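In order, the protein sequences belong to chains A and B. Residue numbers for the first sequence, in this note's numbering: 1 to 137. Residue numbers for the second sequence, in this note's numbering: 1001 to 1137.
No lab work stands behind these hints, which were simulated from the structure alone. This structure is a prediction, so every number in the text was calculated from the model and none was measured. Accuracy of the hints is not assured; some may be wrong.
[As the list claims (entries may be wrong)] On the chain B side, residues computed to face chain A include the following (Cβ under 10 Å): (1) 1003; (2) 1021; (3) 1022; (4) 1030; (5) 1031; (6) 1032; (7) 1097; (8) 1107; (9) 1119.
[Unchecked claim] Reference listing, derived: stretches of chain A covered by chain B, where coverage requires no fewer than 3 residues with Cβ under 8 Å from a Cβ of chain B: (10) 26-40; (11) 90-98.
Beta carbons are placed, not taken as given, at the ideal position from N, Cα and C, and that holds for glycine.
2 protein chains.
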Amino acid sequence: MLSALDHVGVAVEEIDAALPFYRDVLGLELVHRETVAAQGVHAALLDVGGGHVELLAPIEADSGIARFLARQGAGLHHVAYRVEDIEAVLRALAAAGVRLIDDRPRPGIRGSRVAFVHPSATGGVLSEIVQPAEPSN
Amino acid sequence: MLSALDHVGVAVEEIDAALPFYRDVLGLELVHRETVAAQGVHAALLDVGGGHVELLAPIEADSGIARFLARQGAGLHHVAYRVEDIEAVLRALAAAGVRLIDDRPRPGIRGSRVAFVHPSATGGVLSEIVQPAEPSN
């Protein structure tokens, strides 16, 4: 059902302040930047093998990422699993009684379709499933 | 320097209480269980693509995982990056002035060698580098 660890989402105050560590010290390639207005975030993707680190910084003070930062500071925000058929996975999760934040896919970064599972269903881990726009290399 | 997302570490109160969601609902294969006394944890590895989810439950009340659970509850604990030469990566990080928890590798789960980078160096993310005992399939 899940084909890979797609990414970890990391909440940061400012993308440009976090980039030097990930790009220059860890040597990860910055492959994409995007502002996802619907989620209230600036985002940056850095490749690591077939997955990536997704840095997330708030656009505005009432976004989910801003509340996360206010509550617990910068750090790991979510984990995302790659899937091939997001509708099928959502149906399976719903059939298993899993509490979902999104019961249907919504647009994600870089043309993907994504849905979040509620942390109460996963033992406290905000978890995302993501169907990439096209097969990853 | 980093070749893949190796795993995400998830702090849980009890491995057996967390397993049904990851194994039976998400369908991940449970591939390993181990008690790592030096880290004060019971651990379970579930495969997802070439990476895995590592469930971690405390052995005793004064372990790092127990303190994490007391402070913020169950949830994402760390991210681990796979490396091919852990000594070389540690040397590069030290040369870049990165604050390390472990300045030399120590034994990890399933025969791996691991080292942790201090969250103050990574923007709040407890980060691990891991050299597997043998090449992953």
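Status of each hint after checking the structure:
{"no.": "1", "hint": "1003", "result": "holds, 5 Å"}
{"no.": "2", "hint": "1021", "result": "holds, 6 Å"}
{"no.": "3", "hint": "1022", "result": "holds, 8 Å"}
{"no.": "4", "hint": "1030", "result": "violated, 14 Å"}
{"no.": "5", "hint": "1031", "result": "violated, 14 Å"}
{"no.": "6", "hint": "1032", "result": "violated, 16 Å"}
{"no.": "7", "hint": "1097", "result": "holds, 9 Å"}
{"no.": "8", "hint": "1107", "result": "violated, 23 Å"}
{"no.": "9", "hint": "1119", "result": "holds, 7 Å"}
{"no.": "10", "hint": "26-40", "result": "holds (count 3)"}
{"no.": "11", "hint": "90-98", "result": "holds (count 3)"}
Checked against the numbered hints above, the structure breaks hints 4, 5, 6 and 8 and satisfies the rest.
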